[in-house]
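Using the sequences provided together with the hints, build the complete structure.
Residue numbers (my numbering), protein chains in the order written: chain A, 1 to 284; chain B, 1001 to 1216.
Treat the hints with care, as some may be off.
Keeping only pairs whose Cα atoms sit at most 16 angstroms apart, straight-line, the calculated EDC-like set for lysine to aspartate or glutamate is [as the list claims (entries may be wrong)]:
id	chain 1	residue 1	chain 2	residue 2
1	A	Lys96	A	Asp75
2	A	Lys212	A	Asp60
3	B	Lys1139	B	Glu1053
4	B	Lys1009	A	Glu102
5	A	Lys198	A	Asp181
6	B	Lys1072	B	Glu1210
7	A	Lys96	A	Asp60
8	B	Lys1002	A	Glu102
9	A	Lys95	B	Glu1053
Don't read these hints as lab results, they were simulated from the structure.
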Amino acid sequence: MASEMRAPLRVQGLCKYYPAFRLEDVSFELEPGTITGFIGRNGAGKTTTINSMLSFARPDAGEISFFGLAFPENDREIKGRIGFVSAGMTYYTRKKLKAITEVVKAFYPEWDGQAYQRRMSAFGLDGEKTPAELSNGMKIKYALALALSHGAELLILDEPTSGLDPVSREELVEVFLKLKDEGKTVFFSTHITSDLEKCADRILFLQQGRLKADDTLEGFRDAWRIAECGKEIPAELERAARGRCLTRDGYTVLVRKEDAGAAETREATLEEIMIHLEKEAEEA
Amino acid sequence: MKLVMKEWKLCMHPMGYIMLMCAALILVPGYPYGVSCFYMGLAIFFICLTARENHDAAFTLTLPVSRRDAVKARILFCSLLEILDLLLIGAFVLVKQAIGNMPNPAGLDAGLALMGDAMILFALFNMIFFPIYYRDVNKPGKAFLFAAAAMFLWIVLEVVGTYTIPFFRDVLDQPDPRYMSDKALFVFGSLALFAAGTAWSIQTSAKKFEALDLSL
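Right, here's the structure in full:
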């Protein structure tokens, strides 16, 4: 019960049904001061989950609480303690950043003007510019500056690194790590799993609207092995295979660690696990 | 109040200011003056269009406010524009009466009754536009189509009425200060309709918006 009270976010049995897509029974809980990566291919339901969590879309079932407070019943208090950033969403592209900030800060009694100026300066942002004049990475940083200046304890980011060049992605990952050091909880969805290898404590893997894994980064990776097989897959690996991919040198096969037996295998990256499991789902 | 300020600072479209100036159409001889209210409806449509293009609904819902607050703020902001338009129409009516008010062959004269007529038009707009708009904030055009059609029908009724309906022809369309008590009753009735219609619109629109899945 105590951990439930402290959990920055708790999702229980979340369902959202569309005519062509079903999000089924998604449950997880975030621990304070951690970075959680929410992975899955495009269309797996990551954005639907986030939209339902934040009531942009009305869930068909499920319970959501932030900091032990039921949502959306306590939406005003909760929204004061969280920050939401979506890479695909740009607000008021022709308004100056300082004009947007003036509006936003009026809603937060605990707004910290000095922290805002510090973040703007650290991120190299100019209040005289408009969102239309910013790169995608800078837009994300501006949204983060806003969220952090009203003291958001939990940051929810939808595909923040998508569409960014590798250097900008690296910069954002460093920002997330610094936020974690400040005690913030970060939850971000992505299909660029290499970003998570650098910063995530926990991985949630969503596949076809269902949560397939909820584990630590190490636990998730340790559960799987990759076998590089050449053009022919050995029979014992064929039986244990959980998806296979064709590469320049032949096939790679994902197997559970306990099923690897004596076969020559190596550690799997997050990307390899996700791709192989998606291949398996496609074949099924 | 903070949300209403947000509407003004972030969602106000320049057409809002320009259309307010359309109140000056009252000075044009032989013109259906209700059309100046239609232009304000057009400005509100532009505001909602701007809001859609800037993902305003999603932005607003990230702030510590409820969906109901967001709906209330938008409708109140637009109603304030309508009230400002009414005040400007009133001012131009006074100007026109001061410089010599000729009878208007295209509907009501520029007089007290015109204020009531304008309030009925705004009430109609608010009661039709917003409940349809908040069923899907990504389709303001559909809401405007229905609201504009209703305003157009009322303007036609008013213009034709000044020739065919006795109350319009013999009372409302008579030059001020004739029948001032009847006209004042008409204005109070219209004001009540505007206030009640806008309040009803807020309630109904909020219910629609509560149920809406935003497609981000």
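Structure-based check of all given hints:
Straight-line distance between C-alpha atoms of lysine 96 of chain A and aspartate 75 of chain A comes to about 28 angstroms, which puts the hinted pair past the 16 angstroms bound. With a CA separation close to 20 angstroms, the supplied pair lysine 212 of chain A and aspartate 60 of chain A exceeds the 16 angstroms bound. Pair hint lysine 1139 of chain B plus glutamate 1053 of chain B holds up; C-alpha atoms about 11 angstroms apart against a cutoff of 16 angstroms. The suggested pairing of lysine 1009 of chain B with glutamate 102 of chain A holds, with an alpha-carbon distance near 9 angstroms, which does not exceed 16 angstroms.
Taking the CA atoms of lysine 198 of chain A and aspartate 181 of chain A, the gap is near 14 angstroms; set against the 16 angstroms cutoff, the hint holds. Straight-line distance between C-alpha atoms of lysine 1072 of chain B and glutamate 1210 of chain B comes to about 12 angstroms, which keeps the hinted pair within the 16 angstroms bound. Distance hint between lysine 96 of chain A and aspartate 60 of chain A is unfulfilled; the C-alpha atoms sit about 38 angstroms from each other, more than 16 angstroms. Of the pairs offered as hints, the one joining lysine 1002 of chain B and glutamate 102 of chain A holds, with about 11 angstroms between alpha carbons and a cut-off of 16 angstroms not exceeded.
Note on lysine 95 of chain A and glutamate 1053 of chain B: the hinted pairing holds, with a Cα-Cα distance of about 13 angstroms set against a maximum of 16 angstroms.
Checked against the numbered hints listed earlier, the structure breaks hints 1, 2, 7; every other hint is satisfied.
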